[in-house]
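Asks: Produce the entire structure from the sequences given, and follow the hints as far as they go.
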Amino acid sequence: MGNDAADTRDRPGADPPANGAERPAPLEWIVGGVSALAVAAMAGFLLWEAAGGDRSPPVLQVVAGPVAAAGEGYRIAFRVRNDGEAAAAAVVIEGELRSGERVVETSTVTIDYIAGNSERGGGLVFAADPARHTLRIRATGYADP
Amino acid sequence: MSASQPAPEAAPEPHGLGHDLAGLARGLGGALIFALPMLMTMEMWWLGFSMDRLRLVLLLLVNIPLLVALSHFAGFEKTFDVREDLRDAFIAYGIGILASSIVLAAFGAIGPGMGADRAVGMIALQAVPASLGALLARSQLGDAPMDQPETDRHSPYLGELFLMAVGALFLGLNVAPTEEVLLIACRMSAWHTLVLIVLSMLVMHGFVFAVGFRGGEALPEGTPRWSAALRFTCPGYVIAAGIGLYVLWTFGRIDGMGAAQVLTMTVVLGFPASVGAAAARLIL
Chain A
1 MGNDAADTRD
11 RPGADPPANG
21 AERPAPLEWI
31 VGGVSALAVA
41 AMAGFLLWEA
51 AGGDRSPPVL
61 QVVAGPVAAA
71 GEGYRIAFRV
81 RNDGEAAAAA
91 VVIEGELRSG
101 ERVVETSTVT
111 IDYIAGNSER
121 GGGLVFAADP
131 ARHTLRIRAT
141 GYADP
Chain B
1 MSASQPAPEA
11 APEPHGLGHD
21 LAGLARGLGG
31 ALIFALPMLM
41 TMEMWWLGFS
51 MDRLRLVLLL
61 LVNIPLLVAL
71 SHFAGFEKTF
81 DVREDLRDAF
91 IAYGIGILAS
101 SIVLAAFGAI
111 GPGMGADRAV
121 GMIALQAVPA
131 SLGALLARSQ
141 LGDAPMDQPE
151 TDRHSPYLGE
161 LFLMAVGALF
171 LGLNVAPTEE
181 VLLIACRMSA
191 WHTLVLIVLS
201 MLVMHGFVFA
211 VGFRGGEALP
221 EGTPRWSAAL
231 RFTCPGYVIA
241 AGIGLYVLWT
251 FGRIDGMGAA
261 QVLTMTVVLG
271 FPASVGAAAA
281 RLIL
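Chains as they are written, first to last, in this note's numbering: chain A, 1 to 145; chain B, 1 to 284.
Take the hints with a grain of salt, since some may be wrong.
What the hints assert, rightly or not - The following label-pair restraints were derived from C-beta to C-beta distances:
1. B/P112 <-> A/P57: 47 to 53 Å
2. B/P112 <-> A/A51: 56 to 62 Å
3. B/V120 <-> A/V125: 27 to 33 Å
4. B/S50 <-> A/G65: 16 to 22 Å
5. B/V120 <-> A/E72: 27 to 33 Å
6. B/V62 <-> A/A41: 23 to 29 Å
7. A/D112 <-> B/R83: 47 to 53 Å
8. A/V63 <-> B/F107: 38 to 44 Å
9. A/G122 <-> B/R83: 47 to 53 Å
10. A/A131 <-> B/F90: 52 to 58 Å
11. A/T134 <-> B/I33: 57 to 63 Å
12. B/P112 <-> A/A77: 30 to 36 Å
13. B/I33 <-> A/R136: 49 to 55 Å
As the list claims (entries may be wrong) - Here are some, though not all, of the chain B residues that point toward chain A, as calculated from beta-carbon distances under 10 Å:
14. Y157
15. L183
16. A185
17. R187
18. R231
19. C234
20. Y237
21. D255
I should point out that these hints are in silico values taken from the structure, not numbers from a laboratory. Here the structure is a predicted model, which is why all the values come from computation and not from measurement. All C-beta atoms, glycine included, are put in the ideal place defined by N, C-alpha and C.
Replies: This is how it looks when you write it as structure tokens:
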């Protein structure tokens, strides 16, 4: 497998980082073997995943973060987790400020994609101070990608 | 290879302002050829100022050894020591920064009134592909005669792996900023992903060994097909996928993603990355 005898003529003073001109073939076999194992591991993981059958549908959970004053309103950061295996697209997150039964203000945002078993973040902006009201944030819908 | 050509040793670095300027212009041209698709992608602009600063710095540092290796293995001005390779690498980096600044400014993507941190981030990110282009142009599109038969222009094994990493990084950088990587990954089942892995490896193998592009390789007599596949195609694919994963991580595309999703996105980006890796082996 002498990769190329010509290298010695070509580059007499090759520098250390890539000096492989006269590397013995075993290196190639070792690198090749390790790589083959890595590819096999990837394929194995995918086969295991495929054997699990259809992906479970998206299960979206929203966790509200801290409230902060932002410009003339208030911003609430949130994280959405998709605990299903399938991805959800165009996920609509709606936040509601309630005072008793009355809805004071709603605010929505759309998140493009949330992959399976993954999470994304975002923020909702309200004019009213969320601290004075009851806040509810939830995902109201999604599309299949 | 006509008799009128000087022997290779007789072509040391010619000096003079004209020659230097021509080389610089060639570098600028190469930077444009390679980086324009990215310079005209708005996601790349956004990433320039929104991506994690440490990951950006790491990418800028990772680019240096890649440029040095590229200069070493692809340079037509045969450089024999690390100092010259380093010099060429940094010249290319400088040209990349210059080209990125000029084009981004011409597009109005950067300009006065914009925070310096944003402009610097955008230029720095674009300088990576631009510098690769600049170095390639200085070496490949230069006026040096093709004084060596193709068969002599092979790199040692580790050098080939390095070059494949450069090619994978380049095409990976082209594709990774787009939303489509995630979209495609979301649509693919595990079976799709498996097929794409096989397809990527077939394409890599075909590019280099089978379809007979100029610069491709004929297997030496008696070498079994699986041998080349094991020693070149497998490592090449792992490198391409690894670079794909690295670029996705650099751009924050896999933050918060589950393992299965990360693997699928890696395979999706690994496809163009492996084409880039195979092409780098052919061209360089």
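Asks: Which of the numbered hints are not met once you compare them with the structure shown?
Replies: none
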